[in-house]
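Chemist: Here is how the chains run, residue by residue.
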Amino acid sequence: MNYHWNWHVYLDQVSAGDERYLDWIISALGWTIAVSMSAWLIALTLGALIGTLRTAPNRWLVAIGNVWVEGFRNVPLLVQLFLWFFVVPEFLPAELSRWVKQDMPAKEFFTAAICLGLFTSARVAEQVRAGIQSLPRGQKMASLAMGFTLPQTYRYVLLPMAFRIVIPPLTSEFMNIIKNSSVAFAIGLMELTFISRQMIEESGQVFESLLAATLLYTICAFSANRVMTYIEKRTRVPGYIAGAK
Amino acid sequence: MSMIDIRNISKWYGQFQVLTDCSTQVKQGEVVVVCGPSGSGKSTLIKCVNGLEPFQKGDVVVNGISVADAKTDLPKLRARVGMVFQHFELFPHMSIIGNLTIAQTKVLGRGADEARERGIKLLDRVGLKAHASKFPGELSGGQQQRVAIARALAMDPICMLFDEPTSALDPEMINEVLDVMVELAKEGMTMMVVTHEMGFARKVAHRVIFMDAGQIVEDATKEAFFGQPRSERAQQFLSKILQH
Ligand SMILES: Nc1ncnc2c1ncn2[C@@H]1O[C@H](COP(=O)(O)OP(=O)(O)O)[C@@H](O)[C@H]1O
Ligand SMILES: [Mg+2]
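From first to last, the protein sequence lines stand for chains A and B.
If you read the first sequence in my numbering, its first letter stands for residue 1, the second for the next number, and so on.
If you read the second sequence in my numbering, its first letter stands for residue 1001, the second for the next number, and so on.
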């Protein structure tokens, strides 16, 4: 192999402007984290809601939940991103449509965050539903018997346990969201993947550019894992054995 | 006036009829034991009393309030009817005292201090004050069931329902739970108890109901039931469980 390594490339100036490649990478890391965190917030909130609906004693609510999950789960993420970016704005009311297409600030960021958040919410909803349904039926009965309403029963009794049970699969989803945020390069968000490609083109240093992206994705995903493990430890229930009745 | 008035209720699961025209009354301060073979509908009947199980025909009137009436505020009614389950059903992620206070504060609207004070007092009463800050998973079955009883009492119930409260317990723990229930009965609590503990029935029950295949086959005073049950099925059932 005849590759010319250049470890100084990160400190080199980009061809146009007085920034260094390192500045690009830092800003790209910022976008990756911003998109991932916003999407994760959306995914957790909507996932909890939709997962709950799917266990509700009302078939219309269950149906809404099913349509949601199947819709976001069965279309490739990249296709969803293009739909949100290119197609959805066409169907908005005229005024809004023009604003989205011409003036909306950070349009790529919002589109990516919403798209990734909704996509992941379907997967979180599935985990939350499974968590709720793994609880003994008597828990809901006992809660209702004490005078809690059904929403209170979910709020105080079912969801706190369901969430604890599904922390491990949720950890994977959190890590996935960080890795999946790389699709946002396709609509021009200047996140890590986009910038590493840009850096390859401008500097010609393929390995160094990809190495930076790889390392930073790994660190982010690993940090997400550590955060979730910490939460898992902090919320562990003394004496509770998962799966026991 | 009866505290619990079960009026001709019938219930179906699809085609399958679980309850057939069941009627009985429990007066204020009365202890009624419900027994019968497994699958005869005892749990279903007792869960109809506070509307946990819906029924298609008849009505249950608790302290003058109709359970079947769509206008009835069921959560409000249930808050005043204590219920104890076979598998305790403590909330595993809350401490013992948390289990005793959560409904007091969130359902009855009591202040945190008042709820806690009431909770500690009841824990003391069932002999578990020292365990207040532990979690359910750290207690034995018998202790958990005593906590569950205390949790129900914390709501100042007008009557108590028990669904086989000792049948999931190891034999050596049964008595510690029965003792609490006997004491409650002696204090005049209105109780409807599904159990096969005939010793308990003999000691404190006023009446015994025998169910079979979704029907109330026998509804008699304790003396009449143990003296000479009228139905053959009740006789067979009694001879079986009294053998041990
Ligand atoms: N959710 C349900 N769906 C269908 N059948 C049920 C359901 N729950 C209970 N049953 C049936 O109803 C009958 C009475 O059950 P249950 O009241 O639990 O009896 P018991 O408490 O006397 O053992 C049983 O035959 C049981 O199989
Ligand atoms: Mg039963």
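One or more hints might be untrue.
Claimed, not checked - Derived lysine to any residue pairs resembling SDA-like cross-links, with alpha carbons at most 20 Å apart:
#1 B/K1134 x A/K107
#2 A/K233 x B/M1094
#3 B/K1106 x A/V87
#4 A/K233 x B/G1137
#5 B/K1134 x B/M1094
#6 A/K107 x A/V87
#7 A/K179 x A/N6
To be verified - Away from chain A, derived, C-beta distances all over 10 Å, residues of chain B:
#8 Q1086
#9 V1107
#10 E1117
#11 E1176
As the list claims (entries may be wrong) - Non-contacting residues of chain A with respect to chain B, defined by C-beta distances greater than 10 Å in every case (computed):
#12 T45
#13 A48
#14 T55
#15 A63
#16 L83
#17 F86
#18 L96
#19 F109
#20 M141
#21 M146
#22 G147
#23 Y156
#24 V157
#25 S172
#26 I219
#27 T235
No lab work stands behind these hints, which were simulated from the structure alone.
Note that the coordinates shown come from a computational prediction; the quantities given were computed from them, not determined experimentally.
Glycine included, C-beta positions come from ideal geometry on N, C-alpha and C.
Chemist: Need the list of violated hint numbers for this structure, in ascending order.
Modeler: Of the numbered hints given earlier, those the structure breaks are 1, 3, 7, 8, 9, 20, 21, 22, 23, 24, 27, listed in rising order.
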